[in-house]
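A.B. asks: So you can see what is in the structure, the chains are spelled out below.
Number of protein chains: 2
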Amino acid sequence: MLEKLFNPKAVAIIGASQTEGKVGHALLKNMIEEGFEGGLYAVNPKVGEIMGVKCYPDVKSLPDGIDLAVIAIPAKVVPQTIEDCGSRGIGAAVVISAGFKEVGKEGKELEKKLESAAMLSGVRVLGPNCLGFINTMNRVNASFAADHPEKGDIAVISQSGALCTAIIDWSLKHHIGFSKLISMGNKTDLDEELLIEALGNDKESKVIVGYLEDIRNGPHFIRTAEKVTRQKPIILIKAGTSAAGATAASSHTGSIAGAQMAYECAFNSSGVLQAGSLETLFDYAQAFSYQPLPKGDRIVIVTNAGGPGIMATDAVEHSGLSFAKLSDATKDKLRSFLSSAANVNNPVDILGDAPAETYRKALDAVLADDGVDGLVVLLTPQAMIDVAKTAEAVIEVSRKYNKPTMASFIGAKRVAHGIEMLQKNGIPHYPTPERAVDAMKQMVEYMKWRAKPKKVIRRFPVNSTKVDRIINLNRKHQQYNVGEQDSKAVLSAYGFTVPQCSLARSAQDAVSAASAIGYPVVMKISSPDVIHKSDAGGVKVGLRGPSEVRDAFELMIKRVKEVVPDARIHGVLIQEMVSDGREIIIGMTRDPQFGPMLMFGLGGIYVEVLKDVSFQLAPLTSEAALQMILGTKTYNLLKGVRGEKSVDMQLVTECIQRISQLSMDFPDIQELDINPLKISSEFSRAVAVDARIRISK
Amino acid sequence: MLEKLFNPKAVAIIGASQTEGKVGHALLKNMIEEGFEGGLYAVNPKVGEIMGVKCYPDVKSLPDGIDLAVIAIPAKVVPQTIEDCGSRGIGAAVVISAGFKEVGKEGKELEKKLESAAMLSGVRVLGPNCLGFINTMNRVNASFAADHPEKGDIAVISQSGALCTAIIDWSLKHHIGFSKLISMGNKTDLDEELLIEALGNDKESKVIVGYLEDIRNGPHFIRTAEKVTRQKPIILIKAGTSAAGATAASSHTGSIAGAQMAYECAFNSSGVLQAGSLETLFDYAQAFSYQPLPKGDRIVIVTNAGGPGIMATDAVEHSGLSFAKLSDATKDKLRSFLSSAANVNNPVDILGDAPAETYRKALDAVLADDGVDGLVVLLTPQAMIDVAKTAEAVIEVSRKYNKPTMASFIGAKRVAHGIEMLQKNGIPHYPTPERAVDAMKQMVEYMKWRAKPKKVIRRFPVNSTKVDRIINLNRKHQQYNVGEQDSKAVLSAYGFTVPQCSLARSAQDAVSAASAIGYPVVMKISSPDVIHKSDAGGVKVGLRGPSEVRDAFELMIKRVKEVVPDARIHGVLIQEMVSDGREIIIGMTRDPQFGPMLMFGLGGIYVEVLKDVSFQLAPLTSEAALQMILGTKTYNLLKGVRGEKSVDMQLVTECIQRISQLSMDFPDIQELDINPLKISSEFSRAVAVDARIRISK
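Going line by line, the protein sequences match chains A and B.
To convert, note that position 248 of the first sequence is 293 in the numbering used here; the numbers rise steadily by one, no gaps.
To convert, note that position 323 of the second sequence is 368 in the numbering used here; the numbers rise steadily by one, no gaps.
You can trust all of the hints, since none of them are fake.
For identical chains, the list gives no copy identity; a pair is met inside one copy or between any two copies.
Cross-link-like lysine to aspartate or glutamate pairs, in silico, EDC-like; alpha carbons within 20 Å at most: (1) K458 - E195; (2) K656 - E689; (3) K74 - E94; (4) K585 - D625; (5) K458 - D192; (6) K690 - E653.
Keep in mind the hints are simulated off the structure, nothing from the lab.
Work out the full structure, taking the sequences as your base and the hints as a guide.
C.D. replies: The structure is reproduced here in structure tokens:
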């Protein structure tokens with residue numbers, strides 16, 4: 046995939062320039078300096094050759110057999126040039142030129158033209174408005190970057206060209222190498238999804254990292270990322286997190302979930318690791334690039350000073366990793382060469398004067414322990430220490446074992462040489478123990494993700510025809526806020542239990558309905574114009590007899606009319622009172638980017654106050670549904686406190702999965718709240734006591 | 046204070062050695078190399094002089110006028126040596142020697158001897174088991190550190206000597222200078238409190254940073270820190286956070302609060318800033334050392350690339366800082382020299398090719414804006430940029446304004462020189478925008494702390510005699526879990542409203558009591574042996590008539606006897622049913638280190654499930670009490686949701702303050718829960734519906 050882009054046999058620089066400092070000059074220079082071994086041509090109508098490369102007046106006159114065009118010419122002639130490339134059999138193009146959608150309306154038009162030119166001609170286009178890309182492996186430097194990065198197995202994609210520049214500059218100092226470094230620019234054709242897919246298949250890339258400001262197609266991205274993360278880790282920075290789209294939402298779910306939440310869910314559900322800054326991005330990338338994945342989460346710390354050992358211990362516990370318990374045999378081994386003042390328990394403290402040989406023996410002992418899955422080795426530069434020799438010992442011992450090793454040599458001047466040795470020899474180094482532990486944590490998380498079974502989405506037998514009918518009827522009446530009765534009918538069709546209920550149009554009606562259902566009852570106003578019923582005095586619970594029902598009816602109609610004067614009132618719902626059970630909420634809001642986002646959490650009237658909720662994108666597995674429950678404090682409540690019986694968790698996960706199915710089946714449903722869904726531990730049933738659905742216009 | 050330690054006229058190295066590599070050699074060498082200008086002597090019975098310094102056989106034979114002894118001799122002779130120092134008028138000693146409490150029982154004994162020697166002789170002792178200290182200002186290097194740190198205005202205290210070594214090594218590369226660097230060792234005499242007090246008075250120290258593993262005296266520390274932070278910032282790492290003392294607690298408050306929470310509260314209430322790693326510690330220290338405090342929290346970002354600008358924007362919003370809104374005049378000024386593709390709104394993007402002069406003008410324009418309190422300036426090393434000149438521009442413009450500037454030049458090789466220039470010229474530099482913003486956030490937090498009025502603790506008129514009597518009576522009966530009635534009597538004496546209540550010993554009693562109080566009533570078992578009453582079937586609410594009361598009485602006695610067979614049962618409490626109000630919890634648990642720790646939060650039976658709580662140490666101000674409320678989601682509940690009236694917040698803060706006063710007045714009270722405390726918005730009253738007190742044995 047994208048073979049012509051990444052591994053072209055011949056390349057043409059269109060808009061190559063003689064003038065130093067110009068982009069068209071830098072592009073040609075970079076290709077030459079990188080040592081590209083294929084054919085190299087230039088297009089420039091004014092000169093015969095540049096830097097020894099023959100120039101052609103236009104694309105049409107270029108020789109055959111060119112796979113890749115790198116384009117740095119005025120924006121307005123780019124679309125035509127792409128077409129020309131297509132007709133010459135040039136399969137891929139990097140458009141460096143700016144002046145497209147980033148500069149306003151005219152640019153947007155031009156970008157549309159570029160898009161259709163790419164589509165019609167079949168030329169795959171990277172950019173426009175980008176730095177280009179570098180493939181270090183076959184020496185294609187189709188960029189105007191000022192430096193040449195080292196070879197390595199980390200692939201980078203970035204929506205910011207300037208960041209690529211900074212990343213290269215930074216990598217040279219820390220001896221981080223890249224397989225491919227790709228600036229995506231405006232992503233007219235090739236976007237994060239296509240590039241991640243290609244890099245997933247790229248044997249030279251072991252880990253994919255990226256900087257994204259948006260994602261073009263949510264569901265596609267998730268599907269691809271999910272596939273790729275089974276093979277290799279993807280680590281992303283998602284910037285622009287603060288620009289949460291504050292759309293007016295009428296449901297609890299909609300108002301609690303922000304745009305950022307959808308990204309979180311998307312990354313979680315596809316195994317993508319998130320980094321909070323460039324620093325953490327490469328902290329993680331180094332770990333994955335250099336070290337094997339851990340088999341478990343039991344971490345050992347070896348240090349020559351107490352303080353850093355404690356800091357690392359704190360970090361391990363806060364991260365949720367486990368603290369390795371060393372075997373007696375290992376401790377005996379350690380005791381055999383350590384002084385009595387040393388600590389042979391994890392964190393192993395081999396004391397400040399430990400020479401490299403002691404480090405070597407100690408690391409060997411702990412890594413050989415079957416109870417250890419990963420090692421964090423710390424050093425402070427005390428006077429008598431040979432840091433370089435210690436680095437050597439770390440490198441050598443680490444290679445003997447198939448367990449990840451992270452190092453933190455704390456300081457700067459005295460440890461500099463040792464750190465450089467570590468970095469050049471595949472030991473990821475971190476300036477603090479905390480960052481080392483954080484990187485280890487990511488490896489463990491990724492290992493757990495890889496170990497998960499393939500997603501199986503359960504489908505329940507449901508009555509979707511009925512839901513279809515209800516939705517169509519509501520749309521026909523322009524009833525976009527579906528009433529409580531219809532909402533419950535939808536849920537009922539999807540296997541939910543709903544309380545007995547009937548609509549009363551008069552006080553007398555109400556009394557008869559209540560007698561038929563049985564006391565006590567709940568009464569609720571039925572009006573398409575009253576969304577928050579309690580606020581408007583439209584809810585009354587625990588009515589115990591005919592006179593209470595009659596009074597409540599009259600008062601309710603009166604009050605609602607006062608609060609919402611123009612409300613169309615259908616009557617009052619008389620409903621069975623479900624007194625038993627713990628109150629939860631299950632909801633859904635449709636994210637414009639990623640589709641249905643499900644919410645689970647503590648129900649009741651304080652949902653938005655306490656916000657004890659968790660989110661996942663639909664469709665989800667039963668494991669993911671269970672994860673949603675475990676991710677809240679409400680879980681403890683469902684398990685039962687103070688001697689209460691636990692509710693049936695299976696039942697709750699099924700409820701979530703049914704809503705997942707409903708949201709996938711009916712894209713028209715924009716928002717949905719079941720609140721409260723009462724879960725009874727005694728009868729093992731879930732009753733949708735109240736519900737609300739909003740459909741799209 | 047500690048004048049003889051930090052600014053000695055003459056110094057003696059006791060245990061000075063001729064042999065290179067020995068600590069006693071390094072100590073003398075460091076004093077000489079540092080260039081100490083006072084008298085320098087050595088004690089070594091075997092030689093006449095070392096490195097030109099005259100040796101004396103023992104302390105007694107040393108000349109007069111020595112202020113400071115630096116001791117590196119076997120541990121067992123140290124206590125006697127301290128006494129000798131005292132009798133020779135040597136006022137301060139640094140004990141480098143190890144072999145004290147860190148090596149077990151014998152060492153502990155020895156350390157006790159050292160402690161009393163110090164006390165009796167009046168010699169102030171730093172250490173033992175430490176690296177020593179360095180005062181760069183008057184060139185006292187009483188340490189065996191391998192390097193000499195630069196001069197600066199950051200003071201360091203550390204409970205880990207190895208960390209001091211690492212810090213010095215690191216500081217040399219980043220051009221961070223120190224006023225004093227102190228390794229505290231075992232803290233036998235001089236501890237964090239005394240050192241922080243001394244550094245607070247030290248004109249050469251602008252900011253105090255430290256690494257602590259424990260605090261010797263909680264309340265003293267808080268008092269001193271609170272005083273010092275009014276003058277200069279204190280930034281601490283508290284390590285060992287994961288070793289939470291899991292003591293068995295019988296109250297909600299006790300079981301939710303961990304040992305770490307007390308440290309958090311202590312730091313919060315004394316204005317101490319906390320750092321999570323060495324990196325963040327010095328990220329913050331540099332900001333305070335180099336830059337003026339901001340006047341407000343409105344931050345502007347200037348960048349030459351979009352990506353980093355977005356990352357900085359995210360960081361600003363997540364940190365809770367405000368985004369500066371530039372004035373029209375400023376924007377016009379920016380427009381006058383920026384190209385039309387640039388962004389003149391915050392974050393100001395001056396584009397990738399911006400030369401130093403454009404940076405200069407842009408920074409000048411935004412810093413002159415009255416709506417800007419602080420600046421974060423970003424740079425990515427794009428090809429045409431002169432990084433050094435840009436650094437110069439940042440330095441020059443920043444000096445013109447009394448507003449903090451933080452820089453992040455992203456990369457490594459190409460930006461190295463610029464970064465060095467920034468660091469040498471008082472502009473704190475951070476590898477990522479996120480870290481720059483975090484440092485800015487700390488400055489704003491500290492500025493807010495300094496702006497707070499002095500603490501005023503309100504005292505309420507209370508009946509403490511009554512409480513005294515109740516506690517004494519309970520202790521006399523070895524009744525350490527004070528019963529509900531007595532607990533409520535204590536609260537009542539401190540101004541709380543409690544429900545009407547009386548104890549019934551028979552079913553008939555119960556009915557009479559209920560009639561007197563008025564239906565509905567609540568019934569609760571009264572037994573010193575039943576702590577969690579609901580769990581044992583010992584609570585029944587909403588009893589509406591005589592027959593219900595009679596049945597409940599009999600059933601309750603029967604059930605409690607089944608669940609807690611040996612329970613001594615005093616009878617059943619018949620209590621007014623307080624149906625109105627929102628349920629909160631106010632509690633207290635006494636931290637062994639810091640004293641009474643107050644808790645506020647969501648009440649009811651789900652306290653420990655939902656854990657929506659906040660903590661503060663007593664005694665507290667009404668502002669701090671309000672902060673406790675604002676720190677929970679329960680606040681929104683009290684404010685009222687869905688059209689509910691807000692409760693009287695003043696009333697709630699008073700309740701917290703009354704419990705603060707009670708905890709300070711009665712150190713015997715170990716734990717206390719009022720749960721629920723029902724706050725009614727209608728009647729503006731707070732009723733302690735249930736309460737529990739545990740007193741010390």
